[in-house]
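Number of protein chains: 2
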Amino acid sequence: MRILAQLSPGFDPAAPWLDCEVLAARDTRLFEHYKVRRRSPHTGQEHDFTRLICPEWVNVVAFTAPALGGELLLVEQFRHGIDASTLEIIGGVCSPGEDPALAAARELLEETGHAAARWVSLGSCSPNPAVQNNRCHFFLALDCAPVADLALDPSEELRVWAASLDEALDLLRSGAMDHALVMAAFLRLFLWPGWGDLERTLRAGA
Amino acid sequence: MRILAQLSPGFDPAAPWLDCEVLAARDTRLFEHYKVRRRSPHTGQEHDFTRLICPEWVNVVAFTAPALGGELLLVEQFRHGIDASTLEIIGGVCSPGEDPALAAARELLEETGHAAARWVSLGSCSPNPAVQNNRCHFFLALDCAPVADLALDPSEELRVWAASLDEALDLLRSGAMDHALVMAAFLRLFLWPGWGDLERTLRAGA
Chain A
27 MRILAQLSPG
37 FDPAAPWLDC
47 EVLAARDTRL
57 FEHYKVRRRS
67 PHTGQEHDFT
77 RLICPEWVNV
87 VAFTAPALGG
97 ELLLVEQFRH
107 GIDASTLEII
117 GGVCSPGEDP
127 ALAAARELLE
137 ETGHAAARWV
147 SLGSCSPNPA
157 VQNNRCHFFL
167 ALDCAPVADL
177 ALDPSEELRV
187 WAASLDEALD
197 LLRSGAMDHA
207 LVMAAFLRLF
217 LWPGWGDLER
227 TLRAGA
Chain B
27 MRILAQLSPG
37 FDPAAPWLDC
47 EVLAARDTRL
57 FEHYKVRRRS
67 PHTGQEHDFT
77 RLICPEWVNV
87 VAFTAPALGG
97 ELLLVEQFRH
107 GIDASTLEII
117 GGVCSPGEDP
127 ALAAARELLE
137 ETGHAAARWV
147 SLGSCSPNPA
157 VQNNRCHFFL
167 ALDCAPVADL
177 ALDPSEELRV
187 WAASLDEALD
197 LLRSGAMDHA
207 LVMAAFLRLF
217 LWPGWGDLER
227 TLRAGA
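Same order as they appear, the protein sequences are chains A and B. At position 142 of the first sequence the residue is numbered 168 (this note's numbering), and the sequence of numbers has no breaks. At position 3 of the second sequence the residue is numbered 29 (this note's numbering), and the sequence of numbers has no breaks.
Careful: at least some of the hints might be erroneous.
[What the hints assert, rightly or not] Derived DEER-like restraints, expressed as beta-carbon distance ranges: (1) B:56 - A:124: 22 to 30 Å; (2) B:144 - A:93: 46 to 54 Å; (3) A:55 - B:67: 18 to 26 Å; (4) B:48 - A:47: 38 to 46 Å; (5) A:40 - B:56: 52 to 60 Å; (6) B:40 - A:201: 31 to 39 Å; (7) B:67 - A:199: 28 to 36 Å; (8) B:40 - A:110: 35 to 43 Å.
[As the list claims (entries may be wrong)] To be clear about the criterion: a stretch of chain B counts as covered by chain A if any three or more of its residues have a C-beta under 8 Å from a C-beta of chain A, and this derived list gives those stretches: (9) 59-73; (10) 84-92; (11) 95-107; (12) 158-168; (13) 191-205.
Don't read these hints as lab results, they were simulated from the structure. Given the structure is predicted, the values throughout are model-derived calculations rather than measurements. By construction, the Cβ of each residue, glycine as well, lies at the ideal position given by its N, Cα and C atoms.
The whole structure should be built from the sequences, with the hints applied where relevant.
Listed below in structure tokens is the structure:
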């Protein structure tokens, strides 16, 4: 694996952020958080449930063009839920009303500076149907090439990596790449009818 | 696929619950919700982040014994995040201090009435490292057999199904089984070194 891009020479994704303030919260820019009392259609009993109203999400499995190595693009960034850095595929949040396919192309460009020549929909998943109302949409981006600098939010600090297919599989097997939505995207990729042909193409170029 | 167990003869997992009350919430029994202001070690800038402090979760891929059909145990239940029913593998929340392996066996028993003769750890994932601090632990339960009645919380209403391996793969391919954590569990199963042998055993018994 090799680093394709990073914020600054001194950037260390393992360096922890410092807590300035910790507040019990209600709404955030990520979701609206509700407690709902509902009545069962079967028992007539009432129970309380948690509901997070979330925007749609996208995740992108992106491979560079064969002439560029046919490598998987990965993003290493600090994640504040686990207070540690992760390796992930490209991902992000759809803007209100934004088509998920356009959000996928936008996130690929913003997070890696790459654009894809070919796009394939890999379906979608329910990130957590017990409490969240949204879906995460999966896309395969093929023949990616660098076309621009990274364009990140001020709070986003990340490094872009390129990994061979075998390196990516090792990251999944070892658990080093362990984000549930990334794993779900790879399951959809491996079940996609075109995966066998793509795997042969990627291995032939490696 | 065939139904193994359900709450009552009139139980319909597609029947919607009725909202009695909807409140903007803060803490629930599922997680504590915080807004955290943190300072970057790289830029010195402060930014706000959402954090959900969650208990550990478990998911179980459970197959019945060959003599019972070597079928996958699935749970169909109403999910209040998406306000619809889902098909999922067995899953649940660890009690405080509970070993995930024991929680897996407890959930298998409570949700399906089955016990397993053999257990394999399939690793774990980070359900959402951007905002959640917990992990979901995956287990493979083999040679399962019914040993007890279901033991559900009053708010849990579900049907237990048994599916052949091919039916389970079709559910994943078609997107009918689309819970991200269920998909991540199957990715871990398919990357597990023993999967090839298990697949042959399950197909030989089918």
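Results of checking the hints against the structure:
For residue 56 (chain B) paired with residue 124 (chain A), a C-beta distance near 29 Å keeps the hint of 22 to 30 Å intact. Checked against the hint of 46 to 54 Å, the pair residue 144 (chain B) and residue 93 (chain A) passes, with Cβ atoms roughly 48 Å apart. Roughly 23 Å separates the CB atoms of residue 55 (chain A) and residue 67 (chain B), a value that falls within the hinted 18 to 26 Å. Distance hint check for residue 48 (chain B) and residue 47 (chain A): the Cβ-Cβ separation is about 29 Å, which falls outside the suggested range of 38 to 46 Å.
About 30 Å separates the C-beta atoms of residue 40 (chain A) and residue 56 (chain B), a value inconsistent with the hinted range of 52 to 60 Å. Separated by about 37 Å at the C-beta atoms, residue 40 (chain B) and residue 201 (chain A) satisfy the suggested range of 31 to 39 Å. At about 31 Å, the beta-carbon gap between residue 67 (chain B) and residue 199 (chain A) stays in the expected band of 28 to 36 Å. Checking the proposed 35 to 43 Å range against residue 40 (chain B) and residue 110 (chain A) shows it holds: the Cβ atoms sit about 40 Å from each other.
Given as covered by chain A, the stretch 59-73 of chain B passes the check, having 14 residues with a CB less than 8 Å from a CB of that chain where 3 are the minimum. Coverage of the stretch 84-92 of chain B by chain A is violated in this model, with 0 residues showing a Cβ closer than 8 Å to a Cβ of that chain against a need of three. Figure legend: the stretch 95-107 of chain B, annotated as covered by chain A; annotation consistent (3 residues with Cβ-Cβ distances under 8 Å, at least 3 required). Remark: the stretch 158-168 of chain B is confirmed as covered by chain A, as 3 of its residues place a Cβ nearer than 8 Å to a Cβ of that chain, reaching the required three.
Chain A is given as covering the stretch 191-205 of chain B, and this holds because 6 residues of the stretch bring a CB closer than 8 Å to a CB of that chain, at least three being needed.
Taken one by one, the earlier hints fail for this structure at numbers 4, 5, 10, listed in ascending order.
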